[in-house]
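Protein chains: 2
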Amino acid sequence: MKIYAVGIGSGSKDGITYEAVKTIENSSVIVGYDKYVELIGDLKKDKKIYTSGMRQEKDRCQKAIDLALSGETVAVVCSGDAGVYGMAGLICELAEGFPELDIETVPGVTAAASAAAKLGAPLMHDFAVISLSDLMTPWETIEKRIRAAAEADFVICFYNPSSRKRADYLKKACTYMLEYKSPSTMCGWVRNIGRDGEEKGICTLAELTDFQADMFTTVIVGNSTTKVINGRLVTPRGYDIR
Amino acid sequence: MKIYAVGIGSGSKDGITYEAVKTIENSSVIVGYDKYVELIGDLKKDKKIYTSGMRQEKDRCQKAIDLALSGETVAVVCSGDAGVYGMAGLICELAEGFPELDIETVPGVTAAASAAAKLGAPLMHDFAVISLSDLMTPWETIEKRIRAAAEADFVICFYNPSSRKRADYLKKACTYMLEYKSPSTMCGWVRNIGRDGEEKGICTLAELTDFQADMFTTVIVGNSTTKVINGRLVTPRGYDIR
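Protein chains in written order, with our numbering: chain A, 1 to 242; chain B, 1 to 242.
FYI, nobody ran anything at the bench for these hints, they're computed from the structure.
Don't take every hint at face value.
A pair counts as met if it fits within one copy or between any two copies, since identical chains are not told apart.
Stated by the list, open to error - Pairs of lysine to aspartate or glutamate residues, derived as EDC-like cross-links and limited to a Cα-Cα distance of at most 20 Å, are as follows:
| no. | residue 1 | residue 2 |
| --- | --- | --- |
| 1 | K47 | D34 |
| 2 | K227 | D102 |
| 3 | K48 | E179 |
| 4 | K13 | E179 |
| 5 | K13 | D196 |
| 6 | K58 | D240 |
| 7 | K58 | D134 |
| 8 | K172 | D240 |
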């Protein structure tokens with residue numbers, strides 16, 4: 001009667017925590033998006049597996065709840081952190097009628113942190129995390145948050161910056177940010193973090209406007225002090241380094 | 001000639017990633033705040049160790065650079081994620097004159113994610129991370145960011161919400177947020193995450209105003225949709241769960 005929402009990190013084999021591995025090992029069933037279940041490799045050996053495709057989140061969480069209610073110990077695996085735009089919340093919502101169900105989140109390294117590490121150290125100061133997916137959030141809300149974060153000089157990390165149907169969303173976000181942030185603001189992006197085909201780049205906010213992200217890209221836009229030091233994107237914390 | 005800035009997670013033994021453990025194992029020297037170096041237990045066996053106390057960050061990072069330049073492989077350990085208000089940025093800044101020095105960040109689970117996991121699933125939607133420490137940031141900047149994040153209905157996670165000299169900073173932050181957010185906004189806090197004496201609580205924003213945080217507390221303030229389901233703090237992502 002237990003469900004774990006388990007974050008497995010960004011995708012490299014070693015980016016997972018010991019706690020996540022132990023949790024998966026001690027579970028009887030693994031539930032997840034098929035591509036993420038692939039990522040856990042041998043950990044799934046000898047387990048019952050329930051996978052489904054993109055946008056089947058509700059179906060997977062409901063299945064996990066049904067399995068747990070039938071006595072299984074269920075690990076729902078998510079890339080990054082299960083608690084950041086992951087499955088942890090949906091499980092809690094769908095299980096509202098079953099207060100006896102034990103639900104626990106096992107956190108992981110979310111894409112903002114993995115991308116920041118690849119780029120240098122851009123998250124050394126206050127930052128905002130914004131998803132550009134408007135599948136479940138009105139664009140007006142997203143626009144308001146981008147403008148607020150830009151005006152208050154947050155470092156901003158964008159999840160889901162693009163997809164086939166939303167190819168120009170990052171460009172729109174850049175247009176808003178350029179009303180408050182300098183075009184020379186330093187930015188970075190990482191694609192396929194920790195997986196085959198990993199790529200990254202550092203550019204200005206003006207250049208980011210014409211960058212074509214895809215759904216496997218994480219984008220970080222610096223604050224007014226973010227700079228490039230020896231090829232690394234760094235937001236100073238404010239130490240007097242003289 | 002290599003420095004790794006290594007995030008070891010929130011403090012529980014199993015919250016560390018495999019990558020972080022391997023990195024520490026392959027290093028010849030470990031540098032860190034003495035309390036964090038204690039947390040890695042046996043991993044420090046047979047290593048050279050350089051520790052110092054609170055507020056000695058610059059000293060530690062400079063020492064790490066000197067050691068790396070002398071040929072050592074250095075792991076600078078940080079709690080949570082070395083890239084979120086951690087040592088990664090200061091190392092890059094102080095090493096500006098040594099472009100030959102190889103600096104790499106090994107990310108970890110930051111306190112926002114660990115605290116969220118303990119509370120339920122409050123970070124399911126856009127969120128802002130703000131440090132309430134004004135040691136190196138003007139309070140006006142902090143105030144502006146709190147107001148911007150509150151007005152745009154971000155979930156907000158506060159790091160360093162209090163210290164002996166700044167006992168009333170969280171109260172001040174709550175006062176600003178109450179200009180934009182309802183007093184019934186659901187919030188949560190976790191103290192000593194993953195360590196001895198771990199405590200947590202869920203309360204309203206009105207109640208949070210009178211909560212006395214300490215420097216080992218992480219505070220999460222929900223957005224307008226955040227609610228409590230079976231004792232868990234949950235921010236709905238927007239799925240139609242009927």
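Comparing the hints with the structure gives:
| no. | hint | in the structure |
| --- | --- | --- |
| 1 | K47 with D34 | within (14 Å within a copy, 41 Å between copies) |
| 2 | K227 with D102 | between (46 Å within a copy, 18 Å between copies) |
| 3 | K48 with E179 | neither (52 Å within a copy, 50 Å between copies) |
| 4 | K13 with E179 | neither (41 Å within a copy, 45 Å between copies) |
| 5 | K13 with D196 | within (11 Å within a copy, 30 Å between copies) |
| 6 | K58 with D240 | between (50 Å within a copy, 9 Å between copies) |
| 7 | K58 with D134 | within (17 Å within a copy, 43 Å between copies) |
| 8 | K172 with D240 | neither (37 Å within a copy, 27 Å between copies) |
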